[in-house]
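K.L.:
Kindly produce the complete structure, drawing on both the sequences and the hints.
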Amino acid sequence: RGGGQGDQCPHRLAHRSAAAAKEINALIGDSVAHVHAGSGRVREAGTAIDAVVASVEEVNELLGVISIASREQASGVDGINKALTQLQGATQENAGMVQSAAHSAMTLREEAELLSGLVHRFQLDDAAPEAAYPVAVPRGSRQPIALLRR
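Residue numbers for the sequence shown, in the numbering used here: -15 to 134.
Heads up, simulated SDA-like pairs for lysine to any residue below, C-alpha to C-alpha not over 20 angstroms straight-line:
1. LYS66 / SER54
2. LYS66 / ARG55
3. LYS66 / ASN78
4. LYS6 / HIS18
5. LYS6 / ARG(-4)
6. LYS6 / HIS(-5)
7. LYS6 / VAL16
8. LYS6 / PRO(-6)
Distance ranges between label pairs, derived from CB positions:
9. GLY30 / LYS6: 30 to 38 angstroms
10. GLY101 / LEU71: 40 to 48 angstroms
11. ARG0 / ALA32: 44 to 52 angstroms
12. MET81 / LEU47: 44 to 52 angstroms
13. ILE8 / VAL40: 40 to 48 angstroms
14. GLY60 / ARG27: 47 to 55 angstroms
If you are wondering where the hints come from, they were derived from the structure by calculation, not from laboratory data. The beta-carbon is built from N, C-alpha and C at its ideal position, and this holds for glycine as well.
P.N.:
Structural data, given as structure tokens:
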């Protein structure tokens, strides 16, 4: 009786050990599969992170280009503003010169009319001179009054 039960105990123990070894082997297999899957996911995440880093670097480059272009554009606008200010000054100066020239032309016209009137009064023949009379000069003129003989 003792020999039969004693023989079964090592047999049960061996059976349990074999079952436990299979279970451990299955757990190790599952763990290895999970590690492989995790490694694949890590590689995928690394690839995605590399793509994000490359995109960020590209955006940084574009921002640098935009910054340079903005500075150049601001400089160009400043140059245009300066040119417009100079052009406005020149336009005002030209307007003043045109006004002055118009005034001078009007004064010259008045003087030419006066001279024309005076020239018509000259006598070129030997006729007897007439009495001297004053010639009208426009107001505001600083020239002396001319006297002609008739």
